[in-house]
Amino acid sequence: MSAASSVPPTGPGAGAGGDPRRVSSRLPVFPWDRLEPYKATAAAHPDGIVDLSVGTPVDPVPGLIREALVAAADSPGYPTVWGTPALRDALVDWVGRRLGATGAGHRNVLPVVGSKELVAWLPTQLGLGPGDRVAYPRLAYPTYEVGARLCGATPEVYDDPTELDPAGLKLLWLNSPSNPTGRVLAKDELIRIVAWARRHGVLIFSDECYLELGWEAEPVSVLHPEVCGGTYEGLVAVHSLSKRSNLAGYRAAFIAGDEAVLGELLAIRKHGGMMVPSPVQAATVAALGDDVHVAEQRARYAARRAALRTALEGHGFRIEHSEASLYLWATRDESCWETVARLAGLGILVAPGDFYGEAGERFVRVAFTATDERVDAAVKRLADAG
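In our numbering, the protein residues as written are 1 to 386.
Just to be clear, a hint being listed does not mean it is correct.
To be verified - Dumping the calculated DSS-like pairs for lysine-lysine here, alpha-carbon to alpha-carbon at most 25 Å:
id, residue 1, residue 2
1, K39, K116
2, K39, K270
3, K270, K116
No lab work stands behind these hints: they were computed from the structure.
Nothing here was measured: the structure is a model prediction, and the numbers come from that model.
Using the sequences provided together with the hints, build the complete structure.
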């Protein structure tokens, strides 16, 4: 390669015209890089950092899941994209038992390699591109926007999706319980939104990864018969085992709903080799078949949530929404970065609200996924600081 050809292209159209070296220019700056100086400050605390910024599980993977993984470790052949019949049976059983979905079969479920992969690449796999619009909540998981930008579609935020112009709107993301706010969409809201989307031919993907972590509200799936009217047309729900089973490291997730949409995605993902590893498929079957470990993990999170909420409110914070999920949406009515700096000085790291949209600029997201010992340390530091 000549020196000239090794220089990245510049000027109009660079990065927007398909140059493989410049796709990243379509994307926002990776937000977590901005948090590094505050992480260093928090880590310098004499008693160490309490990291409440990322909602990553810290508790052990339940024994029955690890045993299933090990038992399937001798898997020399390629897994299938659709998953084993046992996995599909487990997915169908779970959506019926936990979501109240009726009439689901194997064609209504599809395993995916973690929910973030699905969110990021879904618009591309749906064939969206320039001129198409992808909408998501004003305060939202950043990967919804990333997925739209990767394929050249137009990202758009909303407060109420039924107020959007449906022309050119090809994908509507719902997120209940919400990341970052913990807000839950009531059943009546879901019914209204689904009816509007169907009237205008808009495809709904509902991110329900925190559905089993409702605290002050009972989250409802779009696949519930009272919401979907007994048909999955135009509806797909996204679920993950990362939080409810401590399986973030396994990348175990799945989607369920409209068989026409899932069938198309299955065909595309076969070509892309997007296969959940066989041992992870076996582990997923074990995880979905057991409710005891889910209840035990909920109890751990409930205790941490209560302790942190009391401590934050005692330190002058106001908590909004937060009726579900693994986060407290907190504010001191100041810039989120002032709050981040203030807490970093106490050795506590939280996520600034503007990571999730401009509307979060005066909030921070506080995860309660740290160990009991680290949560206790945060509570003590907040109390001592007054």
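Hint-by-hint comparison with the structure:
1. K39 - K116: Judged against 25 Å, a Cα distance of about 24 Å means the pair holds.
2. K39 - K270: violated (40 Å)
3. K270 - K116: Measuring from Cα to Cα gives roughly 18 Å; hence the hint holds.
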